[in-house]
Structures are given as C-alpha cells and as structure tokens.
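There are 2 protein chains.
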Amino acid sequence: MSPPTQVPNGDIAAVLSASAPVTGRLAVVYSEVQRSRIDHALPLPSVLRNSFKIVDGPASSAAGNPDEIAKLFPHVFGQPSTLLVPSDSDVFRPDQKLKIGVVLSGGQAPGGHNVISGIYDYLQDRAKGSTLYGFRGGPAGIMKCKYVELDADYIYPYRNQGGFDMICSGRDKIETPEQFKQAEETALKLDLDGLVVIGGDDSNTNACLLAENFRSKNMKTRVIGCPKTIDGDLKCKEVPTSFGFDTACKIYAEMIGNVMVDARSTGKYYHFVRLMGRAASHITLECALQTHPNISIIGEEVAAKKLTLKNVTDYIVDVVSKRSGLGYNYGVILIPEGLIDFIPEVQQLISELNEILAQDVVDEGGLWKKKLANQSLQLFEFLPEAIQEQLLLERDPHGNVQVAKIETEKMLIQMVETELAKRKQEGTYKGEFKGQSHFFGYEGRCGLPTNFDSSYCYALGYGAGVLLHSGKTGLISSVGNLAAPVEEWTVGGTALTSLMDVERRHGKFKPVIKKAMVELDGAPFKKFASLRDEWAIKNCYFSPGPIQFNGPASLAVNHTLLLELGAQA
Amino acid sequence: MSPPTQVPNGDIAAVLSASAPVTGRLAVVYSEVQRSRIDHALPLPSVLRNSFKIVDGPASSAAGNPDEIAKLFPHVFGQPSTLLVPSDSDVFRPDQKLKIGVVLSGGQAPGGHNVISGIYDYLQDRAKGSTLYGFRGGPAGIMKCKYVELDADYIYPYRNQGGFDMICSGRDKIETPEQFKQAEETALKLDLDGLVVIGGDDSNTNACLLAENFRSKNMKTRVIGCPKTIDGDLKCKEVPTSFGFDTACKIYAEMIGNVMVDARSTGKYYHFVRLMGRAASHITLECALQTHPNISIIGEEVAAKKLTLKNVTDYIVDVVSKRSGLGYNYGVILIPEGLIDFIPEVQQLISELNEILAQDVVDEGGLWKKKLANQSLQLFEFLPEAIQEQLLLERDPHGNVQVAKIETEKMLIQMVETELAKRKQEGTYKGEFKGQSHFFGYEGRCGLPTNFDSSYCYALGYGAGVLLHSGKTGLISSVGNLAAPVEEWTVGGTALTSLMDVERRHGKFKPVIKKAMVELDGAPFKKFASLRDEWAIKNCYFSPGPIQFNGPASLAVNHTLLLELGAQA
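From first to last, the protein sequence lines are chains H and R. Those letters in the first sequence? Residues 3 to 571, by the numbering used here. Those letters in the second sequence? Residues 3 to 571, by the numbering used here.
By construction, these hints were calculated from the structure, which means they are not laboratory data. Note that the coordinates shown come from a computational prediction; the quantities given were computed from them, not determined experimentally. Certain hints may be false.
Because identical chains share one entry, a pair is satisfied inside a single copy or across any pair of copies.
[Stated by the list, open to error] List time: in silico DSBU-like cross-link candidates among lysine-lysine, alpha-carbon distance up to 35 Å:
| id | residue 1 | residue 2 |
| --- | --- | --- |
| 1 | K270 | K516 |
| 2 | K146 | K516 |
| 3 | K239 | K516 |
| 4 | K55 | K432 |
| 5 | K412 | K436 |
| 6 | K219 | K424 |
| 7 | K407 | K270 |
| 8 | K183 | K324 |
| 9 | K426 | K146 |
| 10 | K175 | K517 |
| 11 | K436 | K516 |
| 12 | K424 | K222 |
| 13 | K371 | K407 |
| 14 | K146 | K432 |
| 15 | K183 | K432 |
| 16 | K183 | K517 |
| 17 | K312 | K436 |
| 18 | K312 | K412 |
| 19 | K183 | K312 |
| 20 | K312 | K146 |
| 21 | K407 | K436 |
| 22 | K432 | K191 |
| 23 | K55 | K312 |
| 24 | K424 | K175 |
| 25 | K55 | K371 |
| 26 | K373 | K540 |
| 27 | K436 | K371 |
| 28 | K312 | K407 |
| 29 | K412 | K371 |
Chain H with its partners taken away, still in its complex shape (with noise of 0.2 Å):
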C-alpha cells in the first residue's frame, strides 16, 4: 500500500450529526516527519507473534473496601488476573468473525490511534472477516450510536500520528439507566461482541460499568479498557504506565532543556514553567529527572507535609537568594498545574470565600474581610492583588471560585517578588530577580507518539484484542516488563475492579479507580529528593533536545517508568 497524502478528517460536529460514516472528508497533507512515521515498523512482543493461551492467576480483589465493590459489581468483581503465555496452538477458532466497537474517551494522549491499529491488526491478524467500528466523539458516539466502520484505508494514515481525530474523543460519561439503555441498544443494533474503552480512570470505571451492566442483562458484548493520560495517574503493579506520558514528558522536556539554555546564556531570568498535571505531579516530577531544574515543586509533598503558600514562597526565595550569592541571579522552576489544590489553607481560604460571596456584597472598605478565619484571612493578605481580585470576581456557574483560572506560575512570581523586595530592605538578598512565565500544555498532548507511545499502545490494543477475542470482560489491557526490549514484554489483562475503592457521593458509594499520585517514598521521588539539592545551587541543567525517531535517544524510554520498574539506580 503506497502512503495516502490525505488523511481524514474527524470533526466531532459533524461527524455527530451524521447518521451514517462519514465519507466526505476535507483534505490534510502530510508533513515529511509523519510520512516517514505512518510506515514505522511496529514490533510485537514475541508472546503476540506466536501461538499463545491465556491462562488466569487467582481471583481478584479491590483497592479500597471490596465488600462495597462486590455488592456494586456483582457479575465482574473478583475476576483473576489473566497472562498470555506461548502455547504449541492457538485456542481461539480462528474462523470465529467478531464485530468489536472502540471508543477515545477524555482528553487527548499521543498513541490513542496506535490502540486502535493494533486492535484492527489482532483481528486482521487472528480473527479474519470481523469487523471494528469507531464511535465517534467518545461515549456520546455510543449513546447516540454514531460510528464508522474501520478498515485498513481508513486507519493506515493515523499509524503513529499524534491526537485522537480519526473517531475523535469527548468527555461524556454513560451513568443514568437511560444512557446504559442507550449503549445497550448500540450494542444489539451493531450486534458487537465485544467494545475497547481507551481511557483515563473515570473513563476506565465507567468501561467497568458497561461490563457489568452488559453481563447482568445477558448480553455477549464484552467491555476492555486501556490506560491513557499524559498525567501518568493511571497505573498499578500490573499496568506499570499510562500511554501518552512519555511522549508528553519528552515534548515538555525539550522545552525545558531549551530555556535552561536560555536561561544560562542570558544570565539574568528565572523562568516559572507550569506543567500539565491538576490531580497529580507526576509529570513535574518526570520533567525534573529530564532535565534537572533549580526547583520543582511536587504537590503531593506539599499536601503531605501541610505546605502554606507562604511555605513554599520561602523555599523558592531561599533557594534563589542563594543562588545570587553565588552570583547566579536565573533559574528554571517547574510546578504542577494542580499546585493550588495540594495547599490546604487555600482550599479552606476558597470554600469561606465561596461562603462569603454567596451571600455578601464585597465592600471597597474590606469590612467583609471580617468573616474570613483568621489563617485565611492572612492568606488572602499575602495573595497578590492581582489573585485577590481574581478570586473575588472571576466565578463559575454555580457561584464558585475559579481555581482552575489562576496561573499560578505568575501569582508565585508576583510572591517571590515581593518577599525579595523585603529581604532586599532588610540586607538580606542583594541579586537581581526577573521572572518569566511559561504554561506547557496543549503542545504535550497530540504531538506524534515517541518510539516507546507508539509500540505500547500497538500492545496494548493487540492484547484488547486477545481479552475479547477469548471472551474476557471488565479487564484492563495490561502491558508489562516495558523496561525490557519489546519483544520481552508481558501481555494480559487485569480486573478493572482489582483498581478500584468507593467513594461516598451524595450519601451513596461511588466506584472509583484512585489516581496513583506521585508516592513519596517511590524510587522516582526518592531519586529527585536525594538530588534536588544539589541541582538548586549547581547548575546540572540537562537538555533532551527534540525527540527523535532514528538513532540517539530514539529508544529511551520516561525516567518514571524506568524507576519504579527497579530498572534505573
């Protein structure tokens, strides 16, 4: 097949309101760079390219409270972890056609449309004859049933290729009886056997559901999910890493790397970079070991150790009142988008303000100042103006505090600023101090999938496709021994149940799959805690440069992944 120089392309507004597959697509060319990519030679792990059974290990269990986990999946809980291990023949009847369904659930991760190759390969490869269709715009394409039949043509061009657009993703969750009516309906119109749910952890229970809903009413449609998030914070023993993390890490890195250089050749910046990351730090965290930054600030430590504001204020002025004396007045500083949300007073300082502005008017004499606590009240104080404003006026449509739209990277600066200021008066700090901010996010998230992206998800929709094609159901695709070569991983899959705990919502339990945050006595803290030091006050800036897809570094894989696989000192 020679490389189409047009590739299709999925607009989730149109493609929603079409009511067949859409056929009509606008032309996009290639670059040179994903040309080459489309052609990239996959490898297997050897397990996949030979013949294999499945065999099961014992039953399962749940994270958190698996009484309640039972009792809420009581067709699917308890289910064994399951291995594909080299056998003389195949057990699957290779003449059994099977019509499986896939959907991109939630925000975009490089190597989504690798999943995807590699399920329509599996069945190319084992279940001759079947049939993969893609909904279309995530769960909303399953409920209204808005799909397009996959077939080699239509998937060859997004082999490799960054974002989600060959079927589009969305963000809607299948939760009310009516929308599990709807995906039942979808399933019996399309006769499906089985549906690959590619994912983050709520899009990852949500695939949980549908098995369970599926098997209680009869049905033969098996669900399978697939860990995706740039964020990292979906992975357990079993499923060592989530895919897009290391594509997005390497891309920030470059970026990293490129303003150290900056900021060493000019002499006279500190550079505040905002990563991606609200819920956990794992990808400050990754960036860090990359590139050894003066400073990154890890939210989970600040939660663990009930870090204020003005905590962490104090721990970067240190550092760069330091640093001047050395006569080094620049740096680059790292902290997670979800900075805010580790620091506790700000939490309690928001839910008064939220109180507060609910039923006050805001007086220009400040009298409502009086109903904050104490401690909040103080907080508030220290907020630069420009947050205190922000905080007071910019609200949500229930009434709430955008916490989300405050950059925290410039109200961090403004805080350094203004503590340097001081200690400038007092005889304390006698340097230079310039900030720069930076926000890396979307550039992270559809770039094209690094070597390492690119062949995990070609696994891990290949193993989907065994889980199904055996008749397996709420199971999570499971990847393993990634820091071997390809060819020694591990393939399986792991009851989705096993990841989960409950959470109490609204006096009800709620299943949940707990976001791994970044633990601090993991090899990759440990590593960059033993380190950070050190990088404050040297200058051990490391540059990953671009990633590349040939020669040098084209193979490395995430220092994250690497550590806690025991694989890296």
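Position chain R against the provided structure of chain H, taking the given hints into account.
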C-alpha cells in the same frame, strides 16, 4: 578526541567578575541527542575546501542617504562586495599567525556556537598557530577586556549545540567616545588582528562603527559582522537570511502543529498563539507557511492597510463565524508579538495616555477621558477592561505605558468574545467560542540548531576567518546560494555600509541597518495571501513534527528562504 561529558558553564556574572580566563567550570551533563550532535560532521562549501582567492566587485553605496553614510564612515564607505572563487594556489600566507577576537551580541539564536567553531577551524586549517579570544558577556567583554582564549578542548563540546553559553552574550553597545577608547585599549592589549561581531542589525551597525574607528586610528584591527537573529529581519540580497531563524521557526511550527492536531481532535477551542518577532512578522509568516493555520496576522499588512484593532477583531470574528456555520467551532490563529506596534491608532492612544497620566490623576468617574481625542476614546472603550487597567496602571521607569507587557493574544480573545456575544444576540452567530492563549518564545531561542543552521553558521564563521585573513574590514560575512546543497554555497563579504541608511535622532544623523520587514509583494507573503482564504475555512493543518537530525526532513530549509530565493513555487 573522545566526547567529554562535561561542558563549561558560562555564567555572565561569574565571567565578568573574573579578571583572567575562567578555568573552574561547573559540570553539566549532556543528553544523548546533544552528545550525538557534537560529532555531527559539518560540510563546508566546496570553495572553502580547496584553494581560493578573493575577487572584489564594484564599489558599493548605501541603502539610503549615501552622502550621509559616506560622511559617517569616511574610511570604510563604498567598499566592494567580495566573493571567494577557486584558485590554483592560496593567496594568503599560511605561516601568518593571527590574533582574532569574537563576541556574541544581543539575544540568543541557535547556531552561534558554530560561527565560533567555523572561525576557529579556519584558523587551524589556514593560519595554524593563530589565537582566538572569546569576549565574555557581549560587547561589555570587549570594553572590560574580559575574555577567554578558545582552544580545541574549550570549543569542542559546544559544536552544533544551542545557546550562547560558551562565552555568553550581552546587550551593551559601544557608543560613547569613552567606550570606543576602551575597545581600542583591548584591541591593543591583545594585539588583535581582527574581531568578529555576531549580532543583529544594531550589533552589525556597531561592528561597522568599530571598523571605522579602528581604521581611522590606523589600527590593524579589522572587524567583520555575522548576521544573527531568530526574528529574520536582518537580511539583504547578499545575506539571504540570519541564522537562528530556521531553527526557531521549526521549533514553533512543531508546537503549532501539535496544537492544531489537538484543536481538531477536541473540536472546541480556538488557540491564539503569539509568536516572537516584535519589529517584523517573519516568524509568524514562516510558521504560517509551515503549518497552515486558519488565521495569521502579519503586522506589516496591518500597518500598510492602516487597519484598526476593530478591523483585526472583525476579520477574526468573520472567520470564526463562517467556520461555525460549517460546523467548526475550533481553530488556530497566529499573532506576531509586535502586532500592537503596527496599529497606528494604538500608538496614538498610548501617546495621549502618556501625556495625560504624566499630569493628571485618573478619576474614578472617568472625567480624565475627556482629554482623549475622539478616535482614541473610542479605541479605549473598545478595549477589554483588563487591558484598560493595564494601560492605566503599568508604567516603565520613565512613566510610560508598557506596551510590551500587553498579552496581545489574550486581548484579542477578549475582544473576539465580546464581538461574538454581540452577534449572537443579533442572531447572526450561533456557535460556541472558547479561546486558549499561548506564547511561544523562549523555547525557540536556544534549541539545538537544525542541520541548516549548523552548516550555515559554520560557513559564516569560516568565511569570516577568510575575510579577516585577507585584511578586509567593515564587511558582513555573506554565504549565498542557500537553496543548493552546502557544497555549492557561495562565500564572501558585503560592505556593512551598503546595508545602511540614516535616522535623525536628537538632531543628529545616526546610521542604522534597516530592519528587513515582511514585504507584501515578496514571494513568501504572496504565497501566504494566495492560500489563506482556503486555510481559513478548510482545515489544511500541517504538522511538521519535532526537528529531526537524521532521516526525513532533516535537510529541509525554511519556506521563507526558499521562496525568496525563487527555489519553491
């Protein structure tokens, strides 16, 4: 020579306070990609690989006001352009030992280290035993005689690396008689035969003033300039491009391409991307040609058509509205950093505000507004509140409004929002609009230079060595025929005075190298203009991917250069 894993850390403060060459260096570890680049073989134009002689053309003039330029540069005005041509035997004495200084001036651009490598290698190849001094921290290093002697070990780890940290840069100018005196003293102290000034338009003007000054004092020190700036606004017929532009635009284009895939996958954001380039919009234009965004604002066109901010807003709103009708509520919009400077009415408003704020108190009631001219008042009222406040509050040390601090992309988002809300009320727009703002800047100035910039800089430096060796002064190193393979590139020098015009400042004529603006009848803009209507409505997004050093696209050259050379349709 085996690649060292530690490279020197050039730190301006440490550097300028040391009276002797710095020997104690902090350790910096190299990434795999960086390390692989050190030994990347640099091709030389064939004319430089064999024996050559120098051929002078006819006498030169000036870009404007030749009589005034002749008066300002009596000793170097009118020099011919010079070209290297193959010769049977070398014309220079290989036994001559030269003492050459080199300085980096102004903001960083990828490739600066290779210019220095080129000079050094020329001296090694053709004037063995010569000495190369690197002045530290920019022109201040010349004035303060702060330098390091550059030898093979010192230069080696910086080959093909980004940044200016080998000897760092600075923004000082050599302007006053006292400063020229200091430069003379340094030249005498080091017994300099020549000096290479690597910089932008101002720095090259300064280089020419130095050349004139040295010659007028009958000193032997010659001065040669090299064209550096990522902004791409230092160029002429004989100097087809400035180095760094190629790399910076490719870094930005990768990020824009990623954001485009994100926009298409998500289907709900308009990304407003502000790009570096205050004086000229070459970067925005080049990135547009590389990525095909829906809208790109070119400052020079805005100025030529005397567009108002309302005109620009309306143009964006019209496209957003039209796209919404087609089902696209997303897009990507590029904006040059200097947009506001191109809009006459904004300049007018700001100068009126400066006047008013210097004398009056801004009363809450808004009486002060009566002092604004009608058009300025209208514009002020049209601006978003946050921008109004910024204009009224943020002042530089001279009490002037800080235009540079205005985040143009955020301002435009707010104005577009307001205008769309109006149209929604009128019933002429039915879509949803969500803006996301980006500023792509610092990450592009210090990336690893592309193969093009690596080779171009090396040839510029090598050629500068030739020019100094042949006794030339007041020229800018000129490497041409850049659309051809490196070996066919031409090498020579162009009289710096031929690039100059005069400006009247404080009653005196001041020589300036005119910035090369985007020409509205030039090939790059014309190509853009012929395609932008299609790009606006259809989604022709083009995603270049990360810079590759091997394989596909590793030899690509930017569109602006190719189009200007007539090498691309």
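Hints, one by one, checked against the model:
1. K270 with K516: This pair counts as between: shortest inter-copy Cα distance 28 Å, intra-copy 42 Å.
2. K146 with K516: within (29 Å within a copy, 61 Å between copies)
3. K239 with K516: within (13 Å within a copy, 63 Å between copies)
4. K55 with K432: neither (69 Å within a copy, 55 Å between copies)
5. K412 with K436: both (12 Å within a copy, 22 Å between copies)
6. K219 with K424: neither (68 Å within a copy, 51 Å between copies)
7. K407 with K270: Close inside one copy (28 Å) and across copies (18 Å); limit 35 Å.
8. K183 with K324: neither (63 Å within a copy, 37 Å between copies)
9. K426 with K146: between (63 Å within a copy, 28 Å between copies)
10. K175 with K517: within (18 Å within a copy, 55 Å between copies)
11. K436 with K516: between (40 Å within a copy, 31 Å between copies)
12. K424 with K222: neither (69 Å within a copy, 52 Å between copies)
13. K371 with K407: both (22 Å within a copy, 31 Å between copies)
14. K146 with K432: between (64 Å within a copy, 23 Å between copies)
15. K183 with K432: The answer is between: 31 Å across copies meets 35 Å, while 68 Å in one copy does not.
16. K183 with K517: So K183 and K517 pass the 35 Å test inside one copy only (28 Å; across, 66 Å).
17. K312 with K436: both (19 Å within a copy, 34 Å between copies)
18. K312 with K412: Classified as both; 15 Å inside a copy, 29 Å across copies.
19. K183 with K312: Cα proximity of K183 and K312: none, with 51 Å in one copy and 50 Å across.
20. K312 with K146: neither (50 Å within a copy, 41 Å between copies)
21. K407 with K436: Cα proximity of K407 and K436: in one copy and across copies (23 Å, 14 Å).
22. K432 with K191: Between copies, since 34 Å is at most 35 Å while 73 Å is not.
23. K55 with K312: neither (58 Å within a copy, 67 Å between copies)
24. K424 with K175: between (50 Å within a copy, 33 Å between copies)
25. K55 with K371: neither (68 Å within a copy, 80 Å between copies)
26. K373 with K540: For K373 and K540, neither the intra-copy (46 Å) nor the inter-copy (55 Å) Cα distance is at most 35 Å.
27. K436 with K371: Classified as both: same-chain Cα gap 32 Å, cross-chain 33 Å, threshold 35 Å.
28. K312 with K407: both (20 Å within a copy, 27 Å between copies)
29. K412 with K371: both (24 Å within a copy, 31 Å between copies)
Hint violations for this structure: numbers 4, 6, 8, 12, 19, 20, 23, 25, 26, all remaining hints satisfied.
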